[in-house]
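Sequence order for the protein chains is D and W.
Each residue of the first sequence is one higher than the last, beginning at 75 in this note's numbering.
Each residue of the second sequence is one higher than the last, beginning at 365 in this note's numbering.
Simulated from the structure, these hints should not be mistaken for lab results.
Be a bit skeptical, because a hint or two may be false.
[As the list claims (entries may be wrong)] What follows is a list of derived Cβ distance ranges for each label pair: (1) Q443/W to L823/D: 36 to 46 Å; (2) I744/W to L823/D: 44 to 54 Å; (3) D615/D to D564/W: 50 to 60 Å; (4) L823/D to D687/W: 39 to 49 Å.
Glycine residues also receive a C-beta, built at the ideal position from the N, C-alpha and C atoms.
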Amino acid sequence: MKNKIILSSIAAVALLSLSGCGGGGSTPDEPAKKSTISGVAVDDLILNGIVTAKKVNGDVLVTGRTSTTDGSYALNVDYAGVVLLNVTCDADSTMLNPETHETITCGSDVALNSLAEVAAGVDMTVNISPLTEIVYQRATEQAGGEIADITADDLAVSRGEIGEMFGVDPLVADPTEGNSAIIIGAIHTLAEADDSTSVIDVTNALAEELSDGEANGATDVTVVALTGTMEEEDLTNPLTEADGDYTPTGDYGSVDDSDDDSDDGAGTGDDSDDGAGTGDDTDAGGTSDIDGAKALFAELRTQAMSVTDYQEAGTPGFLDTEALSMEEAVNNVVINTEFIGEILGRFADAIEYAEENEQTSLSGLELSETRSATISKNDEGSWSYTISQSDSADTWTGTVTYPEIDDSFNPYDFTSLNATLVGTLPLDYDPVDGVEDRQSFNGTFGIDKTSTGANLTLNAEVSSNGTTITLSDTTATLGYEAGEEVAGETEPQFNFIKLNTVTIQGVVGAYTVDGKIDVNSYVQNAGMSAQGGFTEVYTTDFGGQVYCGDGSNYENGYVEITLDDVTHRAYTNENGYFNTEINGQYDWDDFDTAASTLSFENTCPMGVTPQVNLDYVDSNNDGDLANSGWVPNDLTYVGAISKTGASIEGTLNVLWTNAETMNLESETEDEKLNVRINGKLQMPERPEILLTLTYENTDTNVTVGASYSYDATVINVTGDFDAEMENGDVVVTTHTGLRAELTVANGDLVVDGTGTVTKDGVIVGTVEERSDVPVIAYVDGSFESLP
Amino acid sequence: MVLLNLFHSKQRKIQKGILSIGVLFFGELAIADSLSFLNPFQLPNTPQTFYVNTQTLLMNDAFSIDGLFHDFKGRFYSQKFDYLAVEDRRYDIGTYISGLGYLGLTYRQEAVMKTSADTMLLVNQSSNDLDMTLDKNYNIALTIEGFEVYGITLANTLNLYKDKEYSVKLGFAVELLHGTQTQHGNVYGNATALSEKDYDFMFSSTYRYTENHLYDLEVNSATSYGFSTHLSLLAQYRKFSLLVVGNDIFAKLYWKNLPYSYVTMSSDNKSYDENGYVEYSPVISGLEKEVTFTQTLIDKWKVEGSYALDENTMHLGVEYIYDTYLPYVKYTYAYNENLVGSLSYETYFGMFGVDIHYKEYRFALYANGFSDTSALKFDIGWNY
Chain D
75 MKNKIILSSI
85 AAVALLSLSG
95 CGGGGSTPDE
105 PAKKSTISGV
115 AVDDLILNGI
125 VTAKKVNGDV
135 LVTGRTSTTD
145 GSYALNVDYA
155 GVVLLNVTCD
165 ADSTMLNPET
175 HETITCGSDV
185 ALNSLAEVAA
195 GVDMTVNISP
205 LTEIVYQRAT
215 EQAGGEIADI
225 TADDLAVSRG
235 EIGEMFGVDP
245 LVADPTEGNS
255 AIIIGAIHTL
265 AEADDSTSVI
275 DVTNALAEEL
285 SDGEANGATD
295 VTVVALTGTM
305 EEEDLTNPLT
315 EADGDYTPTG
325 DYGSVDDSDD
335 DSDDGAGTGD
345 DSDDGAGTGD
355 DTDAGGTSDI
365 DGAKALFAEL
375 RTQAMSVTDY
385 QEAGTPGFLD
395 TEALSMEEAV
405 NNVVINTEFI
415 GEILGRFADA
425 IEYAEENEQT
435 SLSGLELSET
445 RSATISKNDE
455 GSWSYTISQS
465 DSADTWTGTV
475 TYPEIDDSFN
485 PYDFTSLNAT
495 LVGTLPLDYD
505 PVDGVEDRQS
515 FNGTFGIDKT
525 STGANLTLNA
535 EVSSNGTTIT
545 LSDTTATLGY
555 EAGEEVAGET
565 EPQFNFIKLN
575 TVTIQGVVGA
585 YTVDGKIDVN
595 SYVQNAGMSA
605 QGGFTEVYTT
615 DFGGQVYCGD
625 GSNYENGYVE
635 ITLDDVTHRA
645 YTNENGYFNT
655 EINGQYDWDD
665 FDTAASTLSF
675 ENTCPMGVTP
685 QVNLDYVDSN
695 NDGDLANSGW
705 VPNDLTYVGA
715 ISKTGASIEG
725 TLNVLWTNAE
735 TMNLESETED
745 EKLNVRINGK
755 LQMPERPEIL
765 LTLTYENTDT
775 NVTVGASYSY
785 DATVINVTGD
795 FDAEMENGDV
805 VVTTHTGLRA
815 ELTVANGDLV
825 VDGTGTVTKD
835 GVIVGTVEER
845 SDVPVIAYVD
855 GSFESLP
Chain W
365 MVLLNLFHSK
375 QRKIQKGILS
385 IGVLFFGELA
395 IADSLSFLNP
405 FQLPNTPQTF
415 YVNTQTLLMN
425 DAFSIDGLFH
435 DFKGRFYSQK
445 FDYLAVEDRR
455 YDIGTYISGL
465 GYLGLTYRQE
475 AVMKTSADTM
485 LLVNQSSNDL
495 DMTLDKNYNI
505 ALTIEGFEVY
515 GITLANTLNL
525 YKDKEYSVKL
535 GFAVELLHGT
545 QTQHGNVYGN
555 ATALSEKDYD
565 FMFSSTYRYT
575 ENHLYDLEVN
585 SATSYGFSTH
595 LSLLAQYRKF
605 SLLVVGNDIF
615 AKLYWKNLPY
625 SYVTMSSDNK
635 SYDENGYVEY
645 SPVISGLEKE
655 VTFTQTLIDK
665 WKVEGSYALD
675 ENTMHLGVEY
685 IYDTYLPYVK
695 YTYAYNENLV
705 GSLSYETYFG
715 MFGVDIHYKE
725 YRFALYANGF
735 SDTSALKFDI
745 GWNY
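With the hints as constraints, model all of the structure from the sequences given.
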């Protein structure tokens, strides 16, 4: 790309061709004078409501009704300026709960206002909702309490302030979706908490409290209550972060008045011989729409790319840097949980052996060439252990308690079983250099019988060399039933295990981890369900050496053995060694039978009969957990990872929408997920960024969303793509009415000018390309490449 | 004797004619130059004489002309100093009107581009899939000035002084011009090869144009009006003469609504704030608008000294354009008053030239080689 860019520039100029016809610019169509204002009216969805558009002095421009199905409306107005929109209900109006589809009476008390700054001939979207009512009342206050005095500047100020507080565009953001819907849902929740209070009542209370342009946590009780409700709905915005005590920081005054003449943006300015004249001719010191758009894309460039700079990992991209740092921290963790598990198994076997042989201690339990263990019985169900090292004075000690399980134990009828391990262990079987060869473990494990299986609990803390990991409040459900009877006894038939919740806390290097996973629900996958619960899968490793006695190179030779009518082949290396793993459970005896004798299929060079020596046969078993088809389909993680000066925390919710029907063995079928991440990101020396990320894929399309806000910046990005994410649309909006619409076709951004950047419907730029680089070409003639 | 006298008489007449041709040659005979000049002395100065003259020049010192038309894939002439490229066409037709002077129509097309050595090296390497020079910092510098105009030319000459040995003449011409195309801009920056296939770059361009060759951009057409002035001065002493010709000495084109672009491009679009955090600038940004623009045409000069000896004339001169001097030597031989030929060599581009002037017809061909030619001048004219 770089080559192409620069060469097309240099080479094209170098051609020096003055021939060719001059281009013919197109003349933009004359805009129609009338404008269409459209949107949706929401308390619940207001159906067949009366919508009136007025001048701020009260003169009615036009009246219409909302849709009888979805609350949408559209009005044509022949006016440019600030327009007051109002929705009310009459006897023919109703409301519809969009979630329950319940029809509700729309009473005479329902009256919501909104405001729009209409440009002549420009269509725009403005909704009518509790949020717009708050904007309306703030604008009225801004205008000195006189509706007739509301100006575009008042509207911009009120919209910016309310938008900044709630982290959405209060006028344009769809109140039936995303964060706006959550906010309005929270208002509903507040209203429903008191039978005598309606949504309109709560809205008016909020509007009154916020009419001074700030949220005062000490006095604005409704705002504080709403803040708590929004937090319960996993919404993060400046209000929730400040516990309802927030003063907007943005400068929303001095709206751009240059829209009306923006169509002459090509300009006829004087010659700029200095060449560096990149300044625009918008209003001095004002927040022009073009400046706002440039600031928007500068934000997208700098903030988004500062967070993730994948081009140069390790350089200042925050997540890159922290990911590498975290990786290094994890690599430095020396806790060996696998060793802990294996040692516990060894102790259990040893204790079982001692109990069977009525011994109170066992010594010389060999762990490695230098390390061995001794166990001794304290009292019933409690044993101490000591691990020592032959060439040092180091010892590791602890206590194991376990439930007494004798011949009378009935796995289908007991109350509870508990086991503990408290003590220290080395890091591995053999000494580990460079770190303190010691890890501490304190864990309890419990099983409580239920009618269908058991409930498991686990609490454990393991630490070593500055790293501490704690699993607490871990609960899982175990399902089992009686299996086939063998020798008069039945072994439990394992059906499933369902993790319900686990809390993970710990310190890993400089990072502190604190989080909780809740599996909210499981569903039974049809394909997995047919495979049953837990089955054991056996494999056998065998290996040895071929010997011809003449120093041959044995590479590419192989030995063969037939077991149960299946021939297995193991290739030899240049020295004649061979090894492989086969399915099935076999031992030495199986290899010794005449039918299964190993034979070297190559010929020794000197004609010597090859000697095949089998050195080992190890049989292993592993569990194949089909879990009776139970898979988690609704999971929530709430937690944080933090270090000094930096943190990321929030809530992750994952819905696996095709968990029941998906063919898990298919290589072509994908999980269909609905993911929402809501939280905040704190980078060093930077303001805290509030984030909401969403992702949902279906058979036909993928939708993604990202909202983030900090200080006076509120940006929302949504993408709607086909299933392959090759074609789709991306919309970027701010809380002040800027909107960029981008189209992706065949994986590439469409740069033919159809993509637009608008401010409340007025085009301020188009998506084009310069030397194959996508740019936003603004109507004042300036342009900048996209992020 | 009579025959002898006649012979001598005829011989003298011929010799005088040759001498006259020789004296006239360097100032008034339309023998070609390297650049496409308008020399008022070469325009007709007698009534009912029509003048047709075409001059076409295409020369550069980087690529063969064939390479220019084939994506720079022709021969590349490497050098360590700036490259110059000139495209220069001038077509004139007119007549002499008593009491007024020469009045004619002209069509002119001219573009001059100067580039740094690194710029053309980069163009050559990239166009021919050659590896970049690793870690080399390419200094990118390119300036271009050009125009296409139609015009009316009014010219005349004045004999300022004349005696038996000395003469001084002044020629002047004024053109009223209508501009239809222009290219006027520059590119400055640098590029560093990071690998054989990738390099960092940064450059900016200031560009006024009627057709955007820097990047694809459809623009409205623009036109201009303007003027140009040309002068020539001929001083003659016996067999020695000195000619000075200046074209576009004071020449302007006044453009309205001319497309203008200021563009910056950079691959290294990251900077760091006081906390060490990256801030990203656009890869490409700039400003496009329409401006009024007064374009000053590039002045061209020629100074030539000549010494005529019978039918032989030796010329030593230099032409000048865009801070570049084009020295040359020329030898002219007059076979008779109907046929004059000359051979020349221009040292900057290394052009050899042949001029033939036969009766009312003129023909000239200059080139710096038969193959991989990078400089070519072709003139043809006719007086009747």
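Checklist entry - Which numbered hints are broken by the structure, listed smallest first? => result Going through the list in order, the structure violates no hint and respects every one.
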